[in-house]
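**Q** Sequence:
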Amino acid sequence: MAATRRDHRDAAQIRPLEIVQGVLHRADGSAQFDHAPTAVLCGVYGPTEIKIRDEKVDRATLEVNYKPAIGSSNTKDRWIEYSLRRVFEGVILTALHPSTLIQLNLQVVSDHGSVLATAFNSATMALMDAGVPMRTVVASVSCAIDQAGNVLMDPDEEEEKNATSCHVFVFDAEMKGALFTDSLGNYTPTQFEHCYQSCKAGAAKVIHFMRAAVEAKLTRQTQQS
Numbered sequence: 009m010a011a012t013r014r015d016h017r018d019a020a021q022i023r024p025l026e027i028v029q030g031v032l033h034r035a036d037g038s039a040q041f042d043h044a045p046t047a048v049l050c051g052v053y054g055p056t057e058i059k060i061r062d063e064k065v066d067r068a069t070l071e072v073n074y075k076p077a078i079g080s081s082n083t084k085d086r087w088i089e090y091s092l093r094r095v096f097e098g099v100i101l102t103a104l105h106p107s108t109l110i111q112l113n114l115q116v117v118s119d120h121g122s123v124l125a126t127a128f129n130s131a132t133m134a135l136m137d138a139g140v141p142m143r144t145v146v147a148s149v150s151c152a153i154d155q156a157g158n159v160l161m162d163p164d165e166e167e168e169k170n171a172t173s174c175h176v177f178v179f180d181a182e183m184k185g186a187l188f189t190d191s192l193g194n195y196t197p198t199q200f201e202h203c204y205q206s207c208k209a210g211a212a213k214v215i216h217f218m219r220a221a222v223e224a225k226l227t228r229q230t231q232q233s
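In terms of my numbering, the sequence shown opens at residue 9 and continues consecutively.
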């Protein structure tokens, strides 16, 4: 039975995507990524000098700071920072910039569900805007399983609250496997596989959208030069 969603989306449909790059003038790169109305702003600073005590002579040090839309940071926010750092340490070519610091500062503009996936996508676009070398582009999509067993893509906050389980996946452009997974709640192996395949298809659409946004930006810059 097809799920009826509050915003009238199909179960497999993600929310409208929006990307704006270069929004922070003092950052080396920045982007706001929206799974509207959820939005996360990311600023990239560096590679820059680093304190000797934090220096890694063979690669850059990646620092991630994440701030929620409302209130002070908590344990969940620290876990989000850890998750972002773990993924992007494997994606950024840190060996090209030894003994330096690359800093990602993420600010949640609005949280209406699927905020972790939105944060991953915002960081990807900000790193691209900063020209930080990466081995691949990554994209994230989340889903939730409702009480009836439906897999709901890109869930809003109410769908996450009422779900039996929630799942977040990060894929690279090659789509050979998930770089990151996080699952919370009760689910069967069959349900997990359904979530994996659904989010893999969704991430491919997000990467296509990212590439189109970058191409449009380059076209505008060429026309203005």
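Heads up, a few of these hints could be off.
Lysine to aspartate or glutamate pairs mimicking EDC-like chemistry, simulated, CA-CA at most 20 Å apart [as the list claims (entries may be wrong)]:
1) K213 to D180
2) K84 to D62
3) K208 to D190
4) K169 to D85
5) K213 to D42
6) K169 to D190
7) K184 to D42
8) K59 to D85
9) K169 to D154
10) K213 to E166
11) K84 to D180
12) K75 to D119
By construction, these hints were calculated from the structure, which means they are not laboratory data. Remember, it's a predicted structure, so these values are computed and weren't measured experimentally.
**Q** So, for every hint listed, does it hold in this structure?
**A** Do the hints match the structure? See the list:
no.	hint	verdict
1	K213 to D180	holds, 12 Å
2	K84 to D62	violated, 24 Å
3	K208 to D190	holds, 14 Å
4	K169 to D85	holds, 18 Å
5	K213 to D42	holds, 14 Å
6	K169 to D190	holds, 16 Å
7	K184 to D42	violated, 25 Å
8	K59 to D85	violated, 25 Å
9	K169 to D154	holds, 10 Å
10	K213 to E166	violated, 24 Å
11	K84 to D180	violated, 24 Å
12	K75 to D119	holds, 11 Å
Going down the numbered hints, you'll see the structure goes against 2, 7, 8, 10 and 11, while the others check out.
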